[in-house]
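J.: Here are the chains, one letter per residue:
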Amino acid sequence: MAKTRNWWGDVSLALDEIKVWSLGERKIAIQRLEKEWVIWNKELDSESTTQITVTSLKTASTFSDLPYSRHLVSQTTDPIHISPILADRPIVARPATSLNILPGEQVELYISSPLWFLMKLKLKAFPIVDIPFLRPSDSWFGPSTMEGELCYAKYTDARVNLEQIEKRGHRAITPVVIKNQHTETLVIERINLPAPFLMLYADEQQDFWTQEVEITYHSDNDKAGLRLNPNPPKKGVGNMTLISDARQISDNHHFVKSIKSLLG
Amino acid sequence: MEETTSTISLMEQLHIFAISKALLILIVGYFVAKIASTAVLRIDFANLGPHGKVQLRRAVFYGIFILMLFSALRELGFDLSVILGAAGILSVAIGFASQTSASNLISGIFLMMERPFSIADVIRVGDTTGEVISIDLLSVKLRTFDNLFVRIPNESMIKTQVTTLTKFPIRRADLAIGIAYKEDIEQVQQILADVATKNSLCLDEPKPLFILLGFGSSSVNIQFSVWSKRENFLTLKNTMYQEIKKAFDKCDIEIPFPHLSIYSGEATKPMPVTLHATHPISAKPVNDKTSSEKL
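Line by line, the protein sequences give chains A and B. As numbered in the working numbering, residues 280 to 543 make up the first sequence, in order. As numbered in the working numbering, residues 5 to 299 make up the second sequence, in order.
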């Protein structure tokens with residue numbers, strides 16, 4: 280499939296120019312005025328399978344009935360930086376049916392998770408726009424309704440075969456290695472993917488990938504070792520380029536969480 | 005010279021020095037306590053919410069001020085052990101005289117120790133729901149959502165049931181729905197599940213709950229319970245009701261209003277109802293003169 284050129288990176292707009300990022304009918308438009316950035320956000324309920332394209336417009340007449348936000352600055356001469364970024368909360372993924380991992384075995388799963396559209400001014404750290412292409416449904420992951428954490432769900436499946444995952448322009452694939460070092464069989468019904476801690480890469484075909492996540496179920500206690508591989512995954516086509524850093528920094532890429540907070 | 009000496013001796017007799025020294029200690033103490041209590045908040049303590057900050061400020065202020073008060077009393081020549089002894093006897097007398105206040109005070113201390121809620125929480129006490137703006141020794145102050153200031157004595161807080169609405173991060177909204185008897189309940193269950201799945205504020209987990217409450221007088225009553233993030237509770241409730249109404253209208257599912265059937269019983273024949281209209285009803289004037297004259 281022919282790929283268009285990158286829709287992310289540094290973007291410069293002429294005065295009054297409008298740039299539109301479209302994913303089918305889902306559109307995000309940015310206009311540069313003399314002292315303000317105007318952002319239109321046209322949301323869509325269903326997921327589009329098309330690629331993300333960037334177009335330029337001269338007038339905003341097509342967005343006249345859409346809600347918009349205005350961001351005032353002293354001058355808009357700074358270039359803007361557009362980047363895809365992973366979700367701001369963990370993502371709950373489910374295999375088609377529950378998976379049983381026998382003691383001493385390890386499996387590799389692939390999880391496809393939705394991307395957010397991030398716009399920053401080149402010299403400022405604070406983002407102006409941070410919105411999902413398709414907002415996933417809210418969900419809760421935890422042993423009870425009293426303890427646990429809010430996450431996102433829906434539109435996310437965990438697959439054992441990489442071929443079964445449809446590659447889309449607004450999704451990233453995370454390889455997850457699960458090792459069972461316990462003496463009991465590990466039953467996986469849900470996986471809590473720590474998306475805010477992951478870095479986003481793109482391969483030469485512009486498919487998005489994240490770092491590899493390794494979850495180890497130890498025999499001595501209920502703790503699960505969660506390790507984020509600091510290197511880009513050895514998947515995809517050609518070299519991997521770092522697109523965006525993790526939203527939150529994890530310490531030493533290795534932190535221990537309770538097994539109940541990672542697998543369910 | 006003699007005059008000055010006599011003035012000084014007079015002042016000593018009247019304890020002017022001691023009194024002014026005590027006053028000075030009190031005034032300085034007040035300001036020191038005030039400054040120290042404000043300064044202690046500047047230090048960024050980990051995990052200290054607005055409630056903890058208020059408690060810490062009060063503890064520092066009263067701690068310093070009471071110490072200063074004691075030293076001022078000592079300056080005045082009071083023996084503290086005697087004062088404390090007298091205070092013991094006095095407190096019994098005061099306790100009897102002001103039972104309600106004392107009970108509120110004790111309840112307040114228990115409330116602070118138990119901490120069922122803290123400042124900025126939303127609580128429901130009896131019929132009153134509001135945001136906690138302060139927890140004091142005698143009472144808890146609330147701001148209701150129609151912007152009224154409500155003072156609830158601590159004694160009644162201890163005695164009655166208090167519900168904290170903002171304790172846990174997620175909440176369940178119970179939607180009461182009625183459908184007509186002719187409708188297929190399984191189809192309705194499927195429609196409701198679809199509406200919940202499409203609503204992005206509705207949590208996927210815990211799963212929405214479908215409960216068939218029973219057969220009502222005019223409808224089959226259903227409770228559909230959906231979970232949301234605490235902050236989205238009202239939005240979810242509103243959007244779910246709207247979306248359910250739309251989905252029901254689309255699938256021709258009837259939401260019945262109360263019906264009243266008139267039945268004359270087994271023994272008697274059904275009540276005959278006949279309509280006679282020689283003229284079209286609408287053509288007849290309401291204030292028909294001739295008919296009203298006949299009457």
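Hints are computed from structural coordinates only; laboratory data are not their basis. Keep in mind that this is a model prediction, so the values were computed, not measured. Possibly wrong hints are sitting among the right ones.
[Said to hold, decoys possible] Between beta-carbon pairs, the in silico distance windows are: (1) A:A375 x B:S160: 35 to 45 Å; (2) A:E445 x B:T239: 30 to 40 Å; (3) A:S498 x B:E118: 33 to 43 Å; (4) B:T164 x A:T329: 55 to 65 Å; (5) B:K202 x A:K321: 34 to 44 Å.
Ideal Cβ placement from N, Cα and C applies to all residues, glycine included.
J.: Now look at each hint and say whether the structure bears it out.
T.: Each hint, compared with the structure:
no. : hint                        : verdict
1   : A:A375 x B:S160: 35 to 45 Å : violated (55 Å)
2   : A:E445 x B:T239: 30 to 40 Å : holds (32 Å)
3   : A:S498 x B:E118: 33 to 43 Å : holds (41 Å)
4   : B:T164 x A:T329: 55 to 65 Å : holds (59 Å)
5   : B:K202 x A:K321: 34 to 44 Å : violated (18 Å)
Checked against the numbered hints above, the structure violates hints 1 and 5; every other hint is satisfied.
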